[in-house]
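Q: Protein chains in written order, with the working numbering: chain A, 1 to 268; chain B, 1 to 268; chain C, 1 to 268; chain D, 1 to 268.
For the record, the hints were derived by calculation from the structure and aren't laboratory data. Hints are supplied without guarantee of correctness; some may be wrong.
Remember, identical chains collapse to one label, so a pair may be satisfied in a single copy or spanning two.
Within a straight-line C-alpha distance of at most 25 Å, the following computed SDA-like cross-link-like pairs (lysine to any residue) qualify [what the hints assert, rightly or not]:
hint: 1; residue 1: Lys249; residue 2: Glu259
hint: 2; residue 1: Lys249; residue 2: Arg8
hint: 3; residue 1: Lys249; residue 2: Leu188
hint: 4; residue 1: Lys130; residue 2: Asp83
hint: 5; residue 1: Lys15; residue 2: Pro229
hint: 6; residue 1: Lys76; residue 2: Leu101
hint: 7; residue 1: Lys130; residue 2: Ser63
hint: 8; residue 1: Lys130; residue 2: Ala103
hint: 9; residue 1: Lys130; residue 2: Thr62
hint: 10; residue 1: Lys130; residue 2: Tyr65
hint: 11; residue 1: Lys130; residue 2: Pro64
4 protein chains.
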Amino acid sequence: LVSSDGDRVQIQVGKATFGAGEPVFAAGPCTVEEPEVLVEVARGAAAAGATLLRGGAFKPTTSPYSFRGHGEVALKALREAADEADMGVVTEVLGTSQVSLVANYADMLQIGARNMQNFELLREAGRQPKPILLKRGLASTIDEWLCSAEYIAAEGNEQVVLCERGIRTFETATRATFDVASIPVLRLRSNLPVIVDPSHSSGDRRLVPHIALAAIAAGCDGLLIEVHPRPEQSLKDGRQTISTEELQKLVAAARRVAEAVNGVPLPR
Amino acid sequence: LVSSDGDRVQIQVGKATFGAGEPVFAAGPCTVEEPEVLVEVARGAAAAGATLLRGGAFKPTTSPYSFRGHGEVALKALREAADEADMGVVTEVLGTSQVSLVANYADMLQIGARNMQNFELLREAGRQPKPILLKRGLASTIDEWLCSAEYIAAEGNEQVVLCERGIRTFETATRATFDVASIPVLRLRSNLPVIVDPSHSSGDRRLVPHIALAAIAAGCDGLLIEVHPRPEQSLKDGRQTISTEELQKLVAAARRVAEAVNGVPLPR
Amino acid sequence: LVSSDGDRVQIQVGKATFGAGEPVFAAGPCTVEEPEVLVEVARGAAAAGATLLRGGAFKPTTSPYSFRGHGEVALKALREAADEADMGVVTEVLGTSQVSLVANYADMLQIGARNMQNFELLREAGRQPKPILLKRGLASTIDEWLCSAEYIAAEGNEQVVLCERGIRTFETATRATFDVASIPVLRLRSNLPVIVDPSHSSGDRRLVPHIALAAIAAGCDGLLIEVHPRPEQSLKDGRQTISTEELQKLVAAARRVAEAVNGVPLPR
Amino acid sequence: LVSSDGDRVQIQVGKATFGAGEPVFAAGPCTVEEPEVLVEVARGAAAAGATLLRGGAFKPTTSPYSFRGHGEVALKALREAADEADMGVVTEVLGTSQVSLVANYADMLQIGARNMQNFELLREAGRQPKPILLKRGLASTIDEWLCSAEYIAAEGNEQVVLCERGIRTFETATRATFDVASIPVLRLRSNLPVIVDPSHSSGDRRLVPHIALAAIAAGCDGLLIEVHPRPEQSLKDGRQTISTEELQKLVAAARRVAEAVNGVPLPR
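Just chain A, with the same shape it has in the complex (with noise of 0.2 Å):
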């Protein structure tokens, strides 16, 4: 079902569509925090021209004594400020039993690196109508990727969208290597739109706008963002996280740059 045969796909969440040309800009804090911070960032995204507020209920930790999120009451306040901003959501669900809590809330799941080949947890999200955001696993192979999405796409949703967030590396400097090249790697093995995401691939919020705006230069349908109003506030990942208005201006650089390779083909 994922093949590079037909029409580019398109994807449909809330007023954003995923493949249609424009890049479609989804942002929020790394952690859901306070709601009324939460409408505060949502706000502020929207205004700079984000469609989507992400935003995390449930957080994969490495260890199990860190902070894991707020569950649902955070997918409450999610919910919330994204009407409040006429936003749709964006989060990410960690396993099976959270599948329709979340789906409740949210208009597109996603399944985080960390699950990529969590193969009960994709065909899960399989057999439900909400849109998939699929990020890639750490030490995933493209192709292994696509595997990934095809799982979904086999149970009866085709609506999944890839996100490149890095790999893992020997180079310390960045917290994952970004493969800004599978962007056009992706366009010639399928027909799925891809976003990225440089907030966690970066680690650093000094390299974010220039990781973004490159993934757009070759050719990505969006990016998933960090924002918070003020970063250095931000309850988790602070270091990675831009700020309201720094995000008005990357969407603004990153639509000149989306129009400046506007001509050059993508590969099929």
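Put chains B, C and D on the given structure of chain A with help from the hints.
A: Quick look at chains B, C and D alone, frame taken from chain A:
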């Protein structure tokens, strides 16, 4: 809970004791096959010195269209063949929904490399009493691996045996790069038993004995090995499967090596 | 000497200035071919906007039995074709014994990925006055790369342009994993110009324009590109070589992208 | 010339014979120090069973400002200490200009990981008669490594001993990931002797014996080990240096392990 303080943990599975000084041998086919073949494997492995029968009833496969194992039928066959040969059973559990089913038949539950950070599964494994065999993820650091063991322990099940199976690197001569140094590193950072899987890490039966003996010399507590009476006829992964006869020689050599390194103090 | 203090370094090579805001285009065949073909390449590349002619006279080859370039004959041909098209010459020097010979013909000496830590060669390159193009080693961190630039600078030659060409990872969809984030990271850690080689990193001409434009969007100072009037006929590495016509389109798009990101402040 | 056809190559260096079945032990300080300390090291190493004295006179250093060894003075000291203890000398040559100087003093020339694809140096090493110790590059595949050996052999010197010293991966618990499987893989692809360097690959003296014994169990032909009478006082890299007393125990254990695996046929 998982630390290097205190005595090394000993874990009993049937007649096997991990961490007691003598290497444990778990052997069997990649994927469970006809009951009569399985009984033949079990008897051959037991005669060679193996005390645990391994074999896949549920197989993780990169593509949704690959053969994914015979499921409960295979679990039954594993149990019967193991009983016949007076062995314990270790087999993989792919998701939370399979935990109680697999625990009904097996003496030890294996969590595979792709699921090393499937936190929902780790927690479920921690809430039941059977010992866990936790494989290292393909792109996981040793510290992340120990955090995953901690997820299981934090739920109440401290019976975790770690299994090194190689990490993903640029080298393609072997399927994964077997990280033999992780064995002494784990001695410095935890008190859990460590075994190795030379079959999956190499993907080549000609390499299996040499990687296995290297691991024993480095101080590991056992081997998880693919074995078949007629490897060239095995259902899956025959290229990396050794014969029962080769297993017999390997077990003998492994015992000689274990004795040869007996006087070398492992790091604490 | 190589630090992020002070102004960014500008390096003049013929008509090209690296680090002055406008991207520099260096183009030419992988390996130098017949003089008449070379002149055709040079004229086509110059017409497309390239100011430097690149091409291998001495080729590093993994096997001693591969074709290793035409040597001095090729250097002469490069010089003549470049003069004909009013371009500068950049070409690789493989060892200390070639430095003065190559410097006789070329305007800029390239040190390849395999030689990034050939300290004897780095020092020799630092003792002569021609600018150096220093490629990143396949397994080199950004900090090690900068230390190699420092080896050159420490001998007196501070005219070093860095060239990202991808690092070695597990992913085989591209020949190397192009590390686009190294561009802004280098801005934070040095004031040297940075260009990129999308041809060798990808190994696939269909990917070249997209990686090139991504690098421009990330703030790089130029491109080193394999080009040939008839790529399918080129002597070596034709699979990754683009046509002169494609170069023309790429240069135009690169200029549009450079303008589009003009207002985005690069990190300091 | 480098192939797996025919008998395995045996290489004689002083009293040591690589590839003859008995492991060879080369030991000494990371960097050559005071002559009297060196004599003490040599005598201790010889008493422990080492037949080759190793030590750096010219050191490859990432930064041009690090200590780069004592040069010819150190070569003389190495020679004298080795003669005193009736040992051979193996030491690194960093560039073509040092080859004849180093060959004047040493019995075997080491080409380091960073120079594995310094083709000019490989050819120069092939044009002189002393045996070569060729370390694996940090990002080199086994096949590339063998091609570099072929560069030396193609010039007339077929006396090449390969030395595994780990590859660069994402894991930071050790300085490099020691690829123990390369030992049997090399048996399948070449007939050259293979030794290992557990000191540089681990960077941690607590791991050295276990990696060394693993390599012996996997079938390697010898060890290259950093040793010092008082490791904590050694000039460089003391963290990875074992004491002469520990060397003695290691040699004894290595011999027991070599005997234990004696009956296990290595792959051909």
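Q: Next, verify each hint and record whether it holds.
A: Consistency of the hints with the structure:
In this assembly of identical chains, the alpha carbons of Lys249 and Glu259 lie at most 25 Å apart whether taken from the same copy (16 Å) or from different copies (15 Å). Proximity of Lys249 and Arg8 under a CA criterion of 25 Å is satisfied inter-copy only: 24 Å between copies versus 29 Å inside one chain copy. Only between protomers do Lys249 and Leu188 lie at most 25 Å apart by alpha-carbon distance; the minimum there is 20 Å, versus 31 Å within a single protomer. For a Cα distance limit of 25 Å, the shortest separation of Lys130 from Asp83 inside one copy, 17 Å, qualifies, whereas the shortest one across copies, 46 Å, does not.
Within a single copy, Lys15 and Pro229 get their C-alpha atoms as close as 23 Å, which meets the 25 Å cut-off; across copies the closest is 46 Å, which misses it. In this homomeric assembly, Lys76 and Leu101 come within 25 Å of each other (Cα to Cα) only inside a single copy, at 11 Å, whereas the closest approach across copies is 35 Å. Taking the shortest alpha-carbon separations for Lys130 and Ser63, only the inter-copy value of 22 Å comes in at or below 25 Å, while the best intra-copy value is 30 Å. For the identical chains of this complex, Lys130 and Ala103 are intra-copy neighbours only, at 7 Å inside a copy versus 33 Å across copies, given an alpha-carbon limit of 25 Å.
For a Cα distance limit of 25 Å, the shortest separation of Lys130 from Thr62 across copies, 23 Å, qualifies, whereas the shortest one inside one copy, 27 Å, does not. With identical chains, the CA atoms of Lys130 and Tyr65 are at most 25 Å apart between copies only, with a shortest distance of 23 Å across copies and 31 Å within one. In this assembly of identical chains, Lys130 and Pro64 lie within 25 Å of each other by CA distance solely across copies; the values are 20 Å between and 29 Å within a copy.
Violation of the numbered hints given earlier is absent; every hint is satisfied by the structure.
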